[in-house]
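Q: Residues per chain, in single letters:
Number of protein chains: 2
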Amino acid sequence: MTVDGELSTVNRQSSTSSLMAESKPSLYTCLSPALLHLYDLSESTVVIIDVLRATSTIATALFNGAKSVIPVASVPRCIELGRELGGITAGERDGRVAEGLEYGNSPFEYPPSFIEDRILVLTTTNGTKLLHMALDNGAEEIITGSFPNLTAVCDHLLALNKPVILGCAAWKDRVNMEDTLFAGAVIDRIGAHFTINCDSSRFAANLYRLAQPNLFEFMKNNDASHYHRLMGYGLEKDIRYCLTPDQASVLPLFVGDRLVKA
Amino acid sequence: MTVDGELSTVNRQSSTSSLMAESKPSLYTCLSPALLHLYDLSESTVVIIDVLRATSTIATALFNGAKSVIPVASVPRCIELGRELGGITAGERDGRVAEGLEYGNSPFEYPPSFIEDRILVLTTTNGTKLLHMALDNGAEEIITGSFPNLTAVCDHLLALNKPVILGCAAWKDRVNMEDTLFAGAVIDRIGAHFTINCDSSRFAANLYRLAQPNLFEFMKNNDASHYHRLMGYGLEKDIRYCLTPDQASVLPLFVGDRLVKA
Chain A
632 MTVDGELSTV
642 NRQSSTSSLM
652 AESKPSLYTC
662 LSPALLHLYD
672 LSESTVVIID
682 VLRATSTIAT
692 ALFNGAKSVI
702 PVASVPRCIE
712 LGRELGGITA
722 GERDGRVAEG
732 LEYGNSPFEY
742 PPSFIEDRIL
752 VLTTTNGTKL
762 LHMALDNGAE
772 EIITGSFPNL
782 TAVCDHLLAL
792 NKPVILGCAA
802 WKDRVNMEDT
812 LFAGAVIDRI
822 GAHFTINCDS
832 SRFAANLYRL
842 AQPNLFEFMK
852 NNDASHYHRL
862 MGYGLEKDIR
872 YCLTPDQASV
882 LPLFVGDRLV
892 KA
Chain B
632 MTVDGELSTV
642 NRQSSTSSLM
652 AESKPSLYTC
662 LSPALLHLYD
672 LSESTVVIID
682 VLRATSTIAT
692 ALFNGAKSVI
702 PVASVPRCIE
712 LGRELGGITA
722 GERDGRVAEG
732 LEYGNSPFEY
742 PPSFIEDRIL
752 VLTTTNGTKL
762 LHMALDNGAE
772 EIITGSFPNL
782 TAVCDHLLAL
792 NKPVILGCAA
802 WKDRVNMEDT
812 LFAGAVIDRI
822 GAHFTINCDS
832 SRFAANLYRL
842 AQPNLFEFMK
852 NNDASHYHRL
862 MGYGLEKDIR
872 YCLTPDQASV
882 LPLFVGDRLV
892 KA
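Chains A and B supply the protein sequences, listed in that same order.
632 is the number of the first residue of the first sequence in this note's numbering; add one for each residue after it.
632 is the number of the first residue of the second sequence in this note's numbering; add one for each residue after it.
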C-alpha cells in the first residue's frame with residue numbers, strides 16, 4: 632500500500648495491538664450521577680448499577696416472571712401508576728416500606744408465586760434518578776446491572792460490541808463501594824474486549840480483584856457505608872444475595888417507561 | 632451516672648471504640664471537583680491534590696525558597712499578575728509552555744538558585760479550579776498536597792485534629808489515578824485518627840495499598856490516563872519525582888490569594 636512496503640509491514644506488526652485497540656468500542660465507568668455529564672451517551676449502552684438493592688431486585692423480579700418493572704422517582708407517582716396499571720407498588724424510605732406503598736426493596740419479596748405476570752412499580756432514589764438522567768442525555772440503550780445478573784449483562788455487552796457506560800447510581804451522588812465493585816466485575820470479565828481510557832474503570836477493576844475472594848467480607852472489612860446502613864436494618868441476607876453472581880440471569884432492558892426482560 | 636451502674640459500665644466498655652470514633656474529626660475524600668458540593672467545607676481543612684504536576688511543583692518551589700506561589704486560572708491573568716508583582720509566569724497547555732508565559736509546570740524548573748525569594752505566578756486548570764471552588768465554598772483552611780510533601784501534610788492534619796476533605800483536582804472533572812493514590816497515601820498514614828464514613832476514602836486507601844510497592848509501575852501497568860499523557864511528552868522524570876514522597880517537605884498554606892510556606 633505504501634512505497635516503503637517493508638517498513639510498513641514492520642509497523643503493522645508492531646502496532647497490531649494498538650490497531651486492534653482502536654477498533655474496539657470504548658468503555659467508561661461513571662462513578663456518580665453527578666459525573667454523568669462528562670460522558671457522551673448518544674451511541675452507548677448505559678448500564679444502570681444500583682447493587683443495594685434496586686437493580687438486584689429488578690433483575691430478580693423479572694427473572695421470577697414479572698411482566699415489567701416501572702421505576703419511578705416519587706412515592707405519589709408510584710401510588711398513582713400502581714392504581715392505574717393494577718401494579719404492585721413498592722419502595723422504601725429509611726429502611727421501611729414507604730407510607731402508602733405495599734412492598735419494600737428486598738429481592739426476597741418477589742418470588743415467582745407472587746410476581747409472575749404482574750407489573751412492579753418501584754420507587755428508588757438513586758437508581759431511578761440515574762436511569763432518567765441517562766434517558767434525558769440521549770443514551771442509545773439502557774439496561775440494568777447487578778451481581779444477580781452479571782453474566783447476562785456481560786454477554787449482552789459483548790454481543791452488542793458497542794460503546795458502554797457503566798453508570799453507578801451511588802448514594803445521593805456520593806461514590807459507593809458496591810456499585811463500583813459491580814463495574815469492576817464487568818471490566819474484569821469483558822474489559823479486554825473494549826478500549827478503556829478511563830481511570831475510574833481501572834480503580835473499579837483493581838478494587839474488584841482485591842475484593843473478589845469474598846465481596847461480603849470486603850464490604851464488611853471496609854465498613855462500606857451502605858453495608859453499614861443495611862446491616863443496621865437487619866438485612867444481611869439481602870446484602871449477601873445482592874453480592875452473589877447469577878442468581879437471576881436475565882437482562883432488564885428499558886423500553887418506553889419500563890424495564891422488561893430482553 | 633445512671634441507676635443501673637453495672638450495665639452502664641458494661642456498655643461503656645463494649646462501646647469504647649465507637650465512643651473514641653465519635654470524638655475523632657471526620658475525613659472525606661472528594662474524587663472530583665464536580666462532587667465538591669456534597670461536602671461541608673465550613674469547618675474543614677481542604678487539601679488540594681493535583682499530583683501531576685501542579686501541587687508537586689508548588690511544594691517544590693516553596694521548599695526551594697519561593698516567596699509565594701499564586702495560582703491563577705487563565706494565561707492573561709498570569710501575565711498581568713506577573714507583570715504587576717515582578718513574578719515568574721508559568722503554565723502549560725497541552726504539554727508546552729503556554730504562549731506569553733515564561734516557564735512550564737515541571738518541578739525541575741524551580742531549583743533554589745532560580746526560585747529563591749521570588750514569586751511564582753502559576754496557571755493550572757484542574758488544581759486552580761478546585762482551590763477557588765474550595766475558597767468559594769467557605770473552606771476554613773486550604774493547603775496543597777502531593778507526594779513530595781506527603782509527610783508535611785500528614786503531620787499538619789494530625790496536629791490540627793480538625794475535619795479534613797481530601798480534594799482531588801482530577802482531570803476536567805474526571806476522576807484520576809494519581810490524585811486518588813495520594814488521598815489513599817494520606818489515609819494509609821493517618822486515617823486511624825479520623826472518623827471515615829466515606830467509601831471514596833476506602834477505595835483510595837485500598838488502591839494505594841495495592842499500588843504502594845511501586846506507584847510508578849502501578850500507574851504504568853494500569854495505563855493511567857495522565858501517566859499516558861505525560862509519557863507522551865517525554866516527562867517520565869517528572870512522573871517519577873511526583874510519585875516520590877518527601878522530596879520537598881513543606882506545607883503550602885493558602886493565605887489571601889497565594890500559597891506560602893506555613
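A couple of the hints might just be wrong.
A pair counts as met if it fits within one copy or between any two copies, since identical chains are not told apart.
With a straight-line Cα cutoff of 27 Å, these simulated DSSO-like cross-link-like pairs (lysine-lysine) come out [what the hints assert, rightly or not]: (1) K760 / K793; (2) K760 / K803; (3) K868 / K760; (4) K698 / K892; (5) K892 / K851; (6) K892 / K760; (7) K803 / K793.
To be clear, the hints were calculated from the coordinates, so they are not data collected in a lab.
Q: All hints are to be evaluated individually against the structure, with a verdict given for each.
A: Verification of the supplied hints:
1. K760 / K793: Close inside one copy (24 Å), not across copies (34 Å); limit 27 Å.
2. K760 / K803: both (10 Å within a copy, 23 Å between copies)
3. K868 / K760: This pair counts as within: shortest intra-copy Cα distance 26 Å, inter-copy 44 Å.
4. K698 / K892: within (8 Å within a copy, 65 Å between copies)
5. K892 / K851: neither (32 Å within a copy, 41 Å between copies)
6. K892 / K760: within (21 Å within a copy, 45 Å between copies)
7. K803 / K793: between (29 Å within a copy, 25 Å between copies)
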